[in-house]
Amino acid sequence: MSDLAITDMLIEERFAEDETLVLMATTPPAGLTARFAGPRVRTFPISEPAMVGMAIGAAMTGLRPVVDLNRASFLPLVMDQLVNHAAMIPFLSNGQYQVPMLIVCVTRDDLQLGPQHEQCNYGLLMAVPGIAVVVPGSLADLCGLARTALRAPGPTVLFVDRRIEEQRGISAAMGTPPIPFGQAARLRDGGDVTVIAVGAAVERAAMACAQAAQKGIQCMLLDPRTLAPLDVGALGCAARSTGRVVLVDDGPGAGAPAQLLACLSETPGVLDAVRGRVVTIAAPNVPVPSTPVLERQTRPSATRILRAIEGVMAR
Amino acid sequence: MSPRIGGAAVERGLHLARAVERFRTMCLIRAFEEAMLERRRAREVVGPVHPCIGQEAVATGVCEPLGERDLLVTNYRGHGHAIARGVNLRRFAAELFGRRDGVCGGVAAGHFCDPQTRILAASGIVAGGIPLGAGAAMSAQIRGTGAVVVCILGDGAMGAGVVHEVLNIAAAQRLPLVLVCEHNLYQSGTRTEEVVPDLDLTRVAAGHRVPAASVDGNAVDDVATATAGAVARARAGEGPAFLEMRTYLTRFHIQLDVPSNERRPREELAQWLARDPLRAARDRAVLAGAEPGVLDAIPGVVQAEVDGAIEWARASAAPGPADLWRDPAGGAR
Chain A
1 MSDLAITDML
11 IEERFAEDET
21 LVLMATTPPA
31 GLTARFAGPR
41 VRTFPISEPA
51 MVGMAIGAAM
61 TGLRPVVDLN
71 RASFLPLVMD
81 QLVNHAAMIP
91 FLSNGQYQVP
101 MLIVCVTRDD
111 LQLGPQHEQC
121 NYGLLMAVPG
131 IAVVVPGSLA
141 DLCGLARTAL
151 RAPGPTVLFV
161 DRRIEEQRGI
171 SAAMGTPPIP
181 FGQAARLRDG
191 GDVTVIAVGA
201 AVERAAMACA
211 QAAQKGIQCM
221 LLDPRTLAPL
231 DVGALGCAAR
241 STGRVVLVDD
251 GPGAGAPAQL
261 LACLSETPGV
271 LDAVRGRVVT
281 IAAPNVPVPS
291 TPVLERQTRP
301 SATRILRAIE
311 GVMAR
Chain B
1001 MSPRIGGAAV
1011 ERGLHLARAV
1021 ERFRTMCLIR
1031 AFEEAMLERR
1041 RAREVVGPVH
1051 PCIGQEAVAT
1061 GVCEPLGERD
1071 LLVTNYRGHG
1081 HAIARGVNLR
1091 RFAAELFGRR
1101 DGVCGGVAAG
1111 HFCDPQTRIL
1121 AASGIVAGGI
1131 PLGAGAAMSA
1141 QIRGTGAVVV
1151 CILGDGAMGA
1161 GVVHEVLNIA
1171 AAQRLPLVLV
1181 CEHNLYQSGT
1191 RTEEVVPDLD
1201 LTRVAAGHRV
1211 PAASVDGNAV
1221 DDVATATAGA
1231 VARARAGEGP
1241 AFLEMRTYLT
1251 RFHIQLDVPS
1261 NERRPREELA
1271 QWLARDPLRA
1281 ARDRAVLAGA
1291 EPGVLDAIPG
1301 VVQAEVDGAI
1311 EWARASAAPG
1321 PADLWRDPAG
1331 GAR
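Protein chains in written order, with my numbering: chain A, 1 to 315; chain B, 1001 to 1333.
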């Protein structure tokens, strides 16, 4: 599997409950293979487009396939199947066919895997109607969201940053019940600045918010958790109440942050309340380099986020 | 039935009925395609029409051996396959007219699907539907339904990587999958021989260890026999097959308001017109013992069927603006 131990555990847990579940992987996890030897755990050649396309056909005919895509960087390989087929078939078929399938992939690591393996590219899928885009920002949310993803009615992509998987507290996190899609988590209350952070950046944003509080700036911290469907109501409400917004992501600014901002700007009252006091803190607009000194710079630090919070406060 | 009627007589009767039915299906497809080209020029059909005129024998012969549980994946040139599979002709015409009573509520047009006849997709992406079919075959294998999946692709799709991926996987996993390649010598306006090293496409499947055969795609009997064999093998758990159906589009690749600007070598076109699959099917029916009078009446009967479907489609309402926002999973978006 994608070395995602927790995701593997959650899939295995669901495998026992849902006999329509099928895992399609180039290297299925040994535990699952041992426990569920048979046609539902399938080993594939390295043929990502065919794997995703086959998952669609299986999902249309009564199964619930999970595709281990390994890296989110491989998403561009499968875009025809995902965008032109999985996302469109429920609409094109007038609801006669549903496509309950899940793709699991790792966004970033800290292993210097290079630009072709290190990408937070979920923003690409926010521009595609019909796909649920799930980006957990904590270990507990990963468990709760993965459980929902394994029961979702349509095509779903779960993007996991390895830093989330490496957080402490696995046994407590494993007790998280399914978390509904489209519900942002409010991680901190405050009336001065709304900080919206995605994925592994949530942890650093929380640190920055704590540091800001020591300086007398009270931040409201939100994690959308699913970028599609997006909890526009909660994000818009927070932005209106504070009148200041900082968007934080480890991916490119033109990805998730730009689209979050576009959604906020369409929410009544937000633009009037914010009046230009909005900043995006994202990865620089370059591929993620392998060399550690440069790689580190592509993740917004808590210090950068704090400076942004102070910046919007000063306006 | 009287026990005195021997097996040979029954067999002759079935043979005759099958030959007449094949001719009738092919006439229906031809009449429908001619009508859709005309209705497109009148701007009643929405989007492009990719007529299968010249390839009716493939559609008819491939769908004949399929049972109710079997599944089909077609492509943007899929009218003939849907008709041969028994799609409701009125609702199918309404779909191509973009009307609410269409098989997909009018939103899909030529990229339709039809769960009633177990058509999974008519993908508009060349080769895009092939892995869907392989996935449905995997699903049949896992669930033990005994269903076989047939995917229909053109020779143009053989250049797409995903077809090679599927051939490899289908062979390795012994999927109950039959790939039928309508090898009509062109991909869009380009002659296939200009872009492949060898027009024999069975070599591609054979390279992936998928049993492959080349069939005269204008001879409906040959198409049906080859498909029945491949389907039976797949159903018995013996894995996938690839059938190359040699055929030809005697009109053109695509028509919007006017046909695409294609030039076919005159001699080549004349040769294929001389091998018209409908005429061949009629000759076969006569050989099987059909009365010429019965056969001569068929074109009129199917024309009335097509005309009736068009009238019905015309009477169906267009979707309303609110239909754009309907949630395919039910309820509003």
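No wet-lab data here; the hints were simulated from the structure. Just so you know, not all the hints are guaranteed correct.
[Said to hold, decoys possible] Label-pair restraints from in silico Cβ distances:
id : chain 1 : residue 1 : chain 2 : residue 2 : range
1  : B       : P1321     : A       : P76       : 49 to 59 Å
2  : A       : Q116      : B       : G1047     : 45 to 55 Å
3  : B       : P1321     : A       : G95       : 17 to 27 Å
4  : A       : D18       : B       : V1286     : 55 to 65 Å
5  : B       : A1042     : A       : S241      : 24 to 34 Å
6  : A       : A254      : B       : D1323     : 31 to 41 Å
7  : B       : E1068     : A       : G38       : 49 to 59 Å
8  : A       : G95       : B       : G1067     : 44 to 54 Å
9  : A       : P76       : B       : E1193     : 25 to 35 Å
10 : A       : D18       : B       : E1238     : 28 to 38 Å
11 : B       : R1314     : A       : G95       : 50 to 60 Å
[What the hints assert, rightly or not] Derived coverage of chain B by chain A (criterion: at least 3 residues anywhere in the stretch with Cβ under 8 Å from a Cβ of chain A; other residues may be distant):
id : region
12 : 1064-1070
13 : 1163-1175
Just so we're clear, the structure is a prediction, and the values are computed from it rather than from any experiment. The beta carbon of each residue, even a glycine, is placed where N, CA and C say it ideally should be.
Practice task
Kindly indicate which numbered hints from before are broken by the structure, ordering the numbers from low to high.
Solution key: Numbers 1, 2, 5, 7, 8, 11 and 12, in rising order.
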